[in-house]
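Trainee: Chain residues, written in single-letter form:
2 protein chains.
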Amino acid sequence: MTTGIGSTTAQLIERHRPTLDRALDAIRTREFWSPHPEHPKAYGENAAEEGRAAFDALRGSRFEVPGQPVSGEWTATEVSPYGLEMGISYPRADEGALDALLPVMRAGMSAWRDVGPEARAAVCLEILARISGRTHEFAQAVMHTSGQAFMMAFQAGGPHAQDRGMEAVAYAFAEQVRTPESAAWEKPQGKRDPLRVTKEFTPTGRGIALLVGCNTFPTWNGFPGFFASLATGNAVLVKPHPRAVLPLALTVRIAREVLAEAGFAPDLVALAAEADGDGIARDLAVRPEIRVIDYTGGSEFGEWLEANARQARVFTEKSGVNTVVIDSTGDYRGMLANLAFSLSLYSGQMCTTPQNLLIPRDGIETDAGKKSYDEVVTDLGASVVKLLGDDTRANALLGAIVNDGVRERVDSAPSLGEVALPTREVENPEFPGATVRTPAIVKLDAAKPEAEAGYLSECFGPVSFAVAVNSTEEALALLRRTIRTRGAMTVSAYTTSPEVEREVQEVCFDEPAQLSLNLTGGVYVNQTAAFSDFHGSGGNPAANCALSDAAFVADRFRVVEVRRMTEA
Amino acid sequence: MTTGIGSTTAQLIERHRPTLDRALDAIRTREFWSPHPEHPKAYGENAAEEGRAAFDALRGSRFEVPGQPVSGEWTATEVSPYGLEMGISYPRADEGALDALLPVMRAGMSAWRDVGPEARAAVCLEILARISGRTHEFAQAVMHTSGQAFMMAFQAGGPHAQDRGMEAVAYAFAEQVRTPESAAWEKPQGKRDPLRVTKEFTPTGRGIALLVGCNTFPTWNGFPGFFASLATGNAVLVKPHPRAVLPLALTVRIAREVLAEAGFAPDLVALAAEADGDGIARDLAVRPEIRVIDYTGGSEFGEWLEANARQARVFTEKSGVNTVVIDSTGDYRGMLANLAFSLSLYSGQMCTTPQNLLIPRDGIETDAGKKSYDEVVTDLGASVVKLLGDDTRANALLGAIVNDGVRERVDSAPSLGEVALPTREVENPEFPGATVRTPAIVKLDAAKPEAEAGYLSECFGPVSFAVAVNSTEEALALLRRTIRTRGAMTVSAYTTSPEVEREVQEVCFDEPAQLSLNLTGGVYVNQTAAFSDFHGSGGNPAANCALSDAAFVADRFRVVEVRRMTEA
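Here the protein sequences line up with chains A and B, keeping their order.
Per the numbering used here, residue 1 is the first one in the first sequence, and the count goes up by one each step.
Per the numbering used here, residue 1 is the first one in the second sequence, and the count goes up by one each step.
In isolation and in its complexed conformation, chain A is listed as follows (with noise of 0.2 Å):
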């Protein structure tokens, strides 16, 4: 039943239509495809300069949400990895503040119901292209809270995370319209009249939807749970992690001011900021207001979440152990330059860097001669060393450490095993309070039973392990049990076999869990594009969902069938 669009919401239809109709094609095909431009300087002339501006000009304020029921106290909670004042005060939701909103935020969902899943659509895509309209505010909000280096900043937490909330916007639009309006029909019986009953057929969302961001990567991870949830007609909360509130905070406000303008209830979006140690998503998760929720971080809370969330359906990206197999090459510079870089991107602050490279004691076949285990360890430090010889591009890829757990983490990196590659401290001229690392590796021998305790953990931030294996098949098994007890984001291979490219394949339909063969050149398996790749699985202990796919969007919210007698 589609009802009452009003005329902003009929012109956003007509303005958004094709976009979607362009990113259902590609959700179809899989083939490239985003209408995001990934380079600074496609957002205009002036806009670098301009998106400071706007995030200078944020700094040191309140940050206002017009409109939302809110406590009267504020928060300030953001540290930047890079040193710089941040200062930005949010409002703080209390339980008062929390019990004044949910109700009015629930109110909103009725109208936003009737108007049916193509001006929901259309609406969220019109706030996506706000927000792509602000992506250097947004690349300097991201910088400045995840510590990721500028170009990163921008490209991740811009336009890659825009995509991925498109496609989060895609999916939700084909599952709503699968069902039709309505039906005829008309069941004969025999020679007597037919019955008839008309149908109609209304998806309508869960209820309130709760979004949990992380520090890492705030828009990234937020926008497709975002919007999928706020496209099948749920109310979203955005719960954002305290050291990265601002870049969800502005898509907060920009939402509202599109609902607003197209008619609905601002309130349909809202922000829930806290204070340091108030951990109100505990509390919000298990009230019965909330119906979907979205978290990203640490396996602990996200277990906590499934286990007592029960009346949300609850989506979780949480921790796993990636691992690389390394088996033979027949491009041995490739390789280790691809992983050099994998193991830099963001100082290996994702959750898809590798962290077990696992290698064969005996040494492995290249195009290079046969290299021995030592040498292959050898060389992808000298690989690393060799990317991040300059401190500029060091700079450029490394970004900061994120806080003080992932650098005590890569400190004590020794403590863990024999350092093949120690971390080295990089300065950075612009922001010299950035604590910027490169990345270490550790060896360790998976024969040796104590050195389980740091390879079959998460060591989230820039270690990695070379674990020596007996060979490609124990790498394989280890590669399964990795994947099953610890769960795995990525999976890499480097082979020549297509034998041991058939097994590792086995393991990861098994296990299930998304598999990159032999990557050279500048395909990363850290990095996923939206449209066409699947970030995680949904199979494994590291996420019960995967970006983006029909089980992603499909339960967010419920067909209600209203069936009458046809009228003769």
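Don't take every hint at face value.
For identical chains, the list gives no copy identity; a pair is met inside one copy or between any two copies.
Think about it this way: if two alpha-carbon atoms lie no more than 25 Å apart in a straight line, the pair counts; the simulated BS3-like pairs of lysine-lysine are [unchecked claim]: (1) Lys-187 <-> Lys-41; (2) Lys-443 <-> Lys-191; (3) Lys-191 <-> Lys-41.
Everything labelled a hint here was simulated from the structure, so no lab data went into it.
Add chain B to chain A, keeping to what the hints say.
Mentor: Below, chain B alone, put in the same frame as chain A:
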């Protein structure tokens, strides 16, 4: 990746693809369609006799499942509600047998995955075709386990269940082919060569799916989960209700035969029968091998599964309290006749049977003039009496009471309130051992707090409550509260007021629940048609899924992506 389709499988695809396409069309338009005839005579002149003979041959014997690892013990737990001696023994699944069985089931999954979604759908449709060919045998099996009258056992246990199974196959196929088998991804790099990646996408089952069957609708409620799981690449372990083993045991044996003939491991489908009190579902449900669970039955175990079987995706249909809001009607006699039938069918032992009839205490407007609360209740009772006045017709509609619990419930109806229509014992001349009861109607007053204990609990069986309310507004508030706190598989309403119609829809959108409006004639609130009606909403406590929609199938498999640099 679709490989290794044997010639038999190719033949099955050729045979069943047109049916699959027709089913895909049906779930898209939701117009009437069924490939399974409802009339017993459509199955051939001797089919009824042959079916009964086949059933009789099974009675008093051991039901072998050739090839399946078993314990060597046998268990016979079925008791025909018609008093017929069953005496069918099934292989008892003890822990040792299950320990041997589960790895064998898992081992069959690789080939089942590799063959691809189309072949899996074709094998499933072949299983359904063979089940369809034995519909009369299934009818006897369903009748003598559930207590359904013959015609209902035939239709609901036969063609309607087969429709629901096929619907699940269609959804499973549609979801799996939404992602292409492969994609050529080419990302422009300005003046440099584009990045080229070849991507393969393989739907892969989660693992072993556990089907926990129910007593009253072993096939109708069992087939959707069974076929959804099998069609998406999982192995399926069938744990029938101890009182309704045969319909699912036949299903397992037929499925194993088809799988073997098509070249797959027959152990992809297996039977886990138990002795009374074994409670193996509880143990199985938390085993790590079990990754999907389908359950129909009481809320207590359903909620236990949702809370504890966290390694699995759990789909539950539990109990609920179904409401009829009676505000006004333009067809008083039609309403009464329709309700009388709904209350009587299978003695109210359907999860969709109305329980609470909410009637304004000041009466309702009808085409036959104003009717007081008492008149409505009295007239409804008279309609039931008239419908069931003839014992032959009564037996044909009511079937038998499935177990002593239901019998005790209806016998104790007078303790719940003033009995407006007492239950009546009906003799069944063909099966003198059958317990046959007409529905009781008990008056309750919503103004009396003690009445809540009655109408706010599920009272499964032939007892319904005529609840006096102050107004339709109060009825709607109670409807909302009932759905939200107790769940509802169905909601029904009678009104001539567009405003009330709008309001009751709003409640059903909000909570969400499936709504039938002003049903008269031959369409009943407790019946839903596959390919068109959703059974349950999946959005209230009665069930966490709907039969069937994309959400019912989309998370039973995961898509594993394998990507490689494209060869130059």
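Trainee: Tell me, which hint numbers fail for this structure?
Mentor: 2
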